[in-house]
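My request is simple: use the sequences and hints to build the entire structure.
Single-letter residue listing:
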Amino acid sequence: MIRALGRFTIVAFVLALVLLPIYWMASTSLKSNREITQEGTLYPHHPSFENFAHLFAYKRFSDYLLNSIAVTIISVLVALVLGSLGAYAIVRFRLPFSLERRVGLSLLILRIVPPVVILIPVYLLILSLGLLDTWLGLIIIYTALNVTYCVWMMESFFREIPVDLEEAAMVDGDSRFGAFRRIVLPVAAPGLVATSIFAVIVTFNEFMFALVLTSTPHAMTMPRGTATLIGRIDTDWASMSAAGVVGALPIVLFAFLVQRHLVRGLTLGAVK
Amino acid sequence: MNRPGVRKERLQGAGLDAALPYFMLAPGVLLVLLVLIYPLWDGLRASTMFYRFGNPVRKVGFDNYIRLWSDPQFLNSLWVTLTFVASAVAIETVLGLALALFCSHEFRGIRLLRTILIIPMVVTPVVVGIVFRLIYASDAGMLTAFSEALGGGAVEILGHPVRAFVGLVVLDVWEWTPLMFLILLAGLQSLPIEPLEAARVDGAGPWRVFIDHTFPMLRPIIAVAIVLRTIDAFGTFDQVFVLTHGGPGEATRLLSIFGYDTAFKFQETGYAAALFVTMGLIILAFTLAAVRLLKRAATS
Numbered sequence: 002m003i004r005a006l007g008r009f010t011i012v013a014f015v016l017a018l019v020l021l022p023i024y025w026m027a028s029t030s031l032k033s034n035r036e037i038t039q040e041g042t043l044y045p046h047h048p049s050f051e052n053f054a055h056l057f058a059y060k061r062f063s064d065y066l067l068n069s070i071a072v073t074i075i076s077v078l079v080a081l082v083l084g085s086l087g088a089y090a091i092v093r094f095r096l097p098f099s100l101e102r103r104v105g106l107s108l109l110i111l112r113i114v115p116p117v118v119i120l121i122p123v124y125l126l127i128l129s130l131g132l133l134d135t136w137l138g139l140i141i142i143y144t145a146l147n148v149t150y151c152v153w154m155m156e157s158f159f160r161e162i163p164v165d166l167e168e169a170a171m172v173d174g175d176s177r178f179g180a181f182r183r184i185v186l187p188v189a190a191p192g193l194v195a196t197s198i199f200a201v202i203v204t205f206n207e208f209m210f211a212l213v214l215t216s217t218p219h220a221m222t223m224p225r226g227t228a229t230l231i232g233r234i235d236t237d238w239a240s241m242s243a244a245g246v247v248g249a250l251p252i253v254l255f256a257f258l259v260q261r262h263l264v265r266g267l268t269l270g271a272v273k
Numbered sequence: 220m221n222r223p224g225v226r227k228e229r230l231q232g233a234g235l236d237a238a239l240p241y242f243m244l245a246p247g248v249l250l251v252l253l254v255l256i257y258p259l260w261d262g263l264r265a266s267t268m269f270y271r272f273g274n275p276v277r278k279v280g281f282d283n284y285i286r287l288w289s290d291p292q293f294l295n296s297l298w299v300t301l302t303f304v305a306s307a308v309a310i311e312t313v314l315g316l317a318l319a320l321f322c323s324h325e326f327r328g329i330r331l332l333r334t335i336l337i338i339p340m341v342v343t344p345v346v347v348g349i350v351f352r353l354i355y356a357s358d359a360g361m362l363t364a365f366s367e368a369l370g371g372g373a374v375e376i377l378g379h380p381v382r383a384f385v386g387l388v389v390l391d392v393w394e395w396t397p398l399m400f401l402i403l404l405a406g407l408q409s410l411p412i413e414p415l416e417a418a419r420v421d422g423a424g425p426w427r428v429f430i431d432h433t434f435p436m437l438r439p440i441i442a443v444a445i446v447l448r449t450i451d452a453f454g455t456f457d458q459v460f461v462l463t464h465g466g467p468g469e470a471t472r473l474l475s476i477f478g479y480d481t482a483f484k485f486q487e488t489g490y491a492a493a494l495f496v497t498m499g500l501i502i503l504a505f506t507l508a509a510v511r512l513l514k515r516a517a518t519s
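Chains as they are written, first to last, in our numbering: chain A, 2 to 273; chain B, 220 to 519.
FYI, nobody ran anything at the bench for these hints, they're computed from the structure. Backbone N, C-alpha and C define an ideal beta-carbon position, used for all residues, glycine too.
One side of the interface only, derived from the structure: several residues of chain A facing chain B at Cβ under 7 Å: (1) 43; (2) 114; (3) 123; (4) 141; (5) 228.
Okay, here's the thing in structure tokens:
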């Protein structure tokens, strides 16, 4: 009895610590700026969705959302295709000088490098390609970052598939690539899903490259657009909290829907 | 007698099959070469140049690196980064481990806990920065609101160097303890039960069981979790950009923020490139050392 009560207390305490900050942002987003700064209420006394309407009517938030969704979907899809092809080659073929192993290892080492290290040269590269402030500029860098991750994850999924499956298909007259497309990919489908989930979350949330590569609502993504609201002197808390809710909601809902697959991705495959 | 057509067909098939792995590897590898490897090399090159207003003026060899290590701003930034990473990761490990141990036996409510704990990890880091600004702000903040509700005055966090730094660590702990928890919980659940049961039957208390059995078996997983988290924390940028942008003064100016300002605000591209190369080398050295230690621990 006492044990159960202690357990309940700890769980409740942890939940409160996690949820209180979120509650505060959500409740702030429903208050007026006057209520936020002058009255300091603990919950919205006159809740309204005006802050949200304001974001979409005057702050271009529908543009940011569209840019984010488009850039995320395209770059994750392309990275999945390139990553699966590469991972399959690494897992199933033996090349001279262990080339395939070296490629796999190099991609893994690249993942260790914090992206901020290549921020300047990537900016210079996109600048010289004339792709600043375009979807394509963002898609190129996001796809590349995702490829290293997709190869690494898909490798482990392909390794779990027995070679016999492809051999049987090839005896039946399939080409090697045909066997990959018709037999291996469908079997690895859960792996593709698990891999894409984490890639989607990371790409949707990415801020640093978006910060230097985009500058107008033409290509600004959700996190980048949200950061434009942060003034140096006067802070528009109402807009900022509403923007936080709009930015966080899609990704949190998405994460809840797919939480089963999430942990493996978050830990780079360290936990299955 | 060999009919040339058939033989050619077979040869062609063999030729294509031999080339297939290269065709499969090429697109991804080419993209990575262009967008990740070439920039690494380009950054190295930029770090040996002197820039004025964002344009390369002349080669200066290692001058940028020499300047870096005698620049008090860089040294301070390095110190801030190291203390931030060390304190955040240490707290996250202890809290994550405690929570994982607490949850290692199934009970009702654990699924709810695991679901809710996903939130901090997946919320956009920029938004996490906003969440904590809304907590710390002296006018609109949650702390001030609670303090005033209890009859106190406004709470000042982000304008005070030490408190702002602690506030940043608290943000990171809030965001990433759940990841530690999930990794360590999975680790705990994968441990063999027999040695723990045997120790318990022999009359060992929970603390002794943990020290003598659970912890030694869990150590490799703890180490991996610490390494992953350290690498990640070292590159923290978004949250600080939103929360304090390095301030007040230089109190929370991590290397990433210092480098960003140097490059994009002050246009000292070469100097910033040298800073980022140095940063990459530090994290590489850390990772290599960690991997070597882990391997030695695994073999002994």
